[in-house]
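UniProt numbering numbers the first residue of the sequence shown as 1 and each following residue consecutively.
Honestly, the hints are just simulated from the structure, not real lab data.
Glycine included, every Cβ here is placed at the ideal spot set by N, Cα and C.
Each hint can be trusted.
Computed Cβ-Cβ distance ranges for the label pairs, DEER-style:
| # | residue 1 | residue 2 | range |
| --- | --- | --- | --- |
| 1 | 113 | 216 | 54 to 60 angstroms |
| 2 | 449 | 303 | 23 to 29 angstroms |
| 3 | 440 | 940 | 45 to 51 angstroms |
| 4 | 253 | 216 | 54 to 60 angstroms |
| 5 | 863 | 103 | 26 to 32 angstroms |
| 6 | 21 | 763 | 16 to 22 angstroms |
| 7 | 543 | 135 | 53 to 59 angstroms |
Dumping the calculated DMTMM-like pairs for lysine to aspartate or glutamate here, alpha-carbon to alpha-carbon at most 20 angstroms:
| # | residue 1 | residue 2 |
| --- | --- | --- |
| 8 | 554 | 542 |
| 9 | 738 | 786 |
| 10 | 611 | 182 |
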Amino acid sequence: MFLFSFLFLSRAEETTKLYGTWGDSYIEDETLLFFEFLRPDLTVHVQHLLQDETDLTKDKVLRLLNQEWMPKSVLGLLNLSLSWRYFHPRASAGRSKENTISELRGYGFSVPNDFNENKIKNFSARFLSRLYSFPNAQDRFSFLRNSAANFPGEYPFLENHPIFDSLIDSFKNLTSNTSFAETISINGRVVDGTSHDVLRALLEETQTKFILSHLQFTNSTDYEQIIYSPTVKEVYNYVSPPHWHRDLTHHDFFNVLQRSPKELNVNATSPEEFMRYKEVLSSIQLFVNINNPMSKYLLYDLLELARSEIPYVVNVYCLGDLTNETEKKIVYSYLKTEETLGARTAIKYLFDALESGNIKKEYKATRPIINWNDIEKRLYNDTGFTAIVNDLNDYYQKVGINDTTYSVNGNFVSGPLSYLEWRRFYLQQVNRLMDAAKQGTFVTNQSLTDYLKNNSIVLEKMRPPIKIRNEQIITFSGIDSRTIISIFENLFNRPSYRHRQAEMPIPVFFVDCKANLSYASVKEDVPNFEFYEIESGEIDPELRLLLRIGSSPKTIIGPHIFEGNLNGEQFDYALRYVQKRYCHNITNKATSPQVFYITILRASQFLNGIKRTKFVNPETNLYIIDYSNPNAEMAYSLITNPFSINFREIIEVASHVGQSGAGIVAFIPSCSTEGLDTTFPFMQENYFPVMNELQNAPPVANLTFVGHKSWAVIRRGLHFYIEGLILTGFAPGANVIKIGDIYHTALKESGYFQFTLPPGIYNAQGLRQSVISDSILPVYKFYMSDFSHIDVPTSEGVHIFSIITNPVFETNFILMLSSLVNTTKEKITAYVVNPPRSGEGFGVNIVPVAEYVPPFLEMSTAHEMMVATMKHAMVDFILPSTVKRVVFVDQSIFFKKDIKLLTDFNMRDAAIAAPHFGRKFKPFVSMWFMERESLLQRAGRPYHSSRFFMIDMENARKQNYFDLFRYLVMFRIRYSIFVNNYDDEIMNQLQVPVQFVTLPEEVSYMEGSTNKKKKDDALTEFVYDPPTKKALFNSLNTYLKLRANVYRMYVTQNATVK
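Starting from the given sequences, assemble the full structure and let the hints guide the process.
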């Protein structure tokens, strides 16, 4: 196709590059920032060597600093930092060269090739045999780099390469080992293999070692315990269930247990598989408020679960107002039915009663031993039965249950209540046990109740006495070593009180408030702590901002900051939370400063989505190890598939790490030895790395940028550009934040905000301090809100959000944009993920959007998942607050009429306007979204498509649409729950708490799902396949002849508001 044709330029020596649209920095500034971050003890020596030098280059800096006192590993890291310009944004924010733009590095470009050879028989085996035929590590890495970047060049050597049978047998034995798994890590820290993520890990891990050494934490065994400890994702609570219960189980429960394995299945790959065990591993309590409309859906799904042959126990409790005669009768009748006829009959009665509304009739259908009219006389006067009712009512009040909720293994759901989502919560609790079994902390024949109590915080109420949130965390992310050391000098240079001398203490700071010494005797088993009383005036002003210490008193426990002075119950809970989440595998000899740093380190890593793993080194001689720097402190270990599309960048980065001397690189291929197919994605593209100033990319039109997802890149002419870097932060209590003329709304609960800004220091309205855009990758920082009100103007014109999911669909996107331009007179702003490589926009203001997921959301970064979720779960913090309405437009949509017909629609209080998706159209009557479970999820409401829909941003925020969507997505992704088109499914499920406008299906016509008679009335049309060059040319000419027409607002006539 013509979009993939080469662009021949008049100057053959020109190459395509990536530029930042801000001023370039000085290399000496980048060098000094590197040492301030990593080794401030060497900064004075470095300044002395560089101060009189002129015309500095990377090579000259490395040559000058190659001194005996300079550790070789640090010099290797400096080499990578200067090559990939890691500290360039920070240097540019402080001082930049006039009339320059910055050239970035540490990325690559890909371009399709014409490789279309026949399949190679036993391709995988031949590939591995050729790889290991090279005598040394350097040659093997060169082969991997060359084959990943330009496979056609290696094809002739592979086609008839002999297979080494003994080698292949070794690989088969290795891959059959259950401990062998794909992972890329640096000293136990998992990385994605891209240049700046790897370098960031190398720098931060080296900094961690330096800080721990400064704090006299030097024992190598203790250090390994710290760095190889997996991240604790969640702290669980435990509330004992009611004493009175009747169990709902499988109808053949005894035999189900008898058929189940006698040992825990530690190799299980799913919760359902793991639960097949001789003992019950899941105890579910459902508390049903008969006035909550969600209750009947929960009961229905519970009865459906009862059919599955998995050992479980469910207890259902009926909540009602005992001062209301009708509700009191329902509660008594339910309990009596449960006592006499069993849980299944009682639950069926309660569901039928809520479904039909005829309680007396449904009760009679159970054939009860006490008639409805006799309940008052016979049950109210039954002191024994009334005692059961009162005991349960006392339990509800003590625990704090006043509405429909559920508990699994003593842990109450904490997120938004959603019918059917209780299954996700149930899976979460089973996953917890499965992970514990694999780690050996939950073993066969162990009491489930004992395990839950010992590994949870035991509570008397369903809600903890204090809510612990991400935005309370102190983080050292992106902070230089000098500043971190000064924090310890400020905080710990004062008298302290330790609760118990013999144990590792959790540090506690009372800032501008007095310690309550009775805390020490709250409970006998309270975790050990050491507290300090501090006046905020004693702390350096710059550090006060970092620690978010303002005018109000604060209590700091480990890495968490709390407002005011906590009461005894809150203090006890916070201590236990910090102990269980951050204090595992810390030696009892650790001091309070050491514990403080380790807990902050772990909290920061969790917040930034950094995972740690206990690396299991498979005993094999198949590793390809680069020993170019045997004294390196960092071990870069890669067990990864050489046939993946990402491998080309991964191996290029790994080679640079090894060659620089920054770390020892150990690589082992993780792939099947049986593969025959050579049509792997990486073979269809050539890769051009731009990792240093000597590498470049050809000036062709169809180059695709390959780099970090947080960079929003757009092409203009020959080169690609980044107009800003993502700046993220948390400002609890903030609403709108204004920087320059850009407005963004912070998330309601966490205060999270996100801007895209060139490097620099900015005054921010809505915050108490300025913000600095200075990081090549997003780094979370915390700010204090000034709680000011900021009036937000409204942006003119039409705003659309779109995603080009694959370069092959660029033609669709261009046609969509052309059709939009030629059917409306409005100014158009298009926010586009992966904007077209041609840069074509037809006069539309194209704003590139980074394919970036904030790690605290715990959402998938896989491209397919991003495409499905960004339009729902992230537009509220991606788009500026000035955008009041945004229309998501699929790349394959074509406009036939003016989009203003939709954007001018009176939404009233609705948040979402989306077309009805062919529910009554014949071919779709048996589709999955018409099945009972899907209908149940959306309470029988219409099914909508999200390929073309509009969001009213103000209404959506008021109704928590974005927060609810994020919560459900995070839950499903965390527990690998597969559903059909889950973006559409979640959107439709949210029709209950969020107001929708159902548009007629012809608003977005699609062949095969929309009635053909509606085609002429369509506002837009959707096509599946990318158009051919001829079809594109004809369609463009057709659309160019169109003029915007004013149509009668048929949407107003046909739309229905629920």
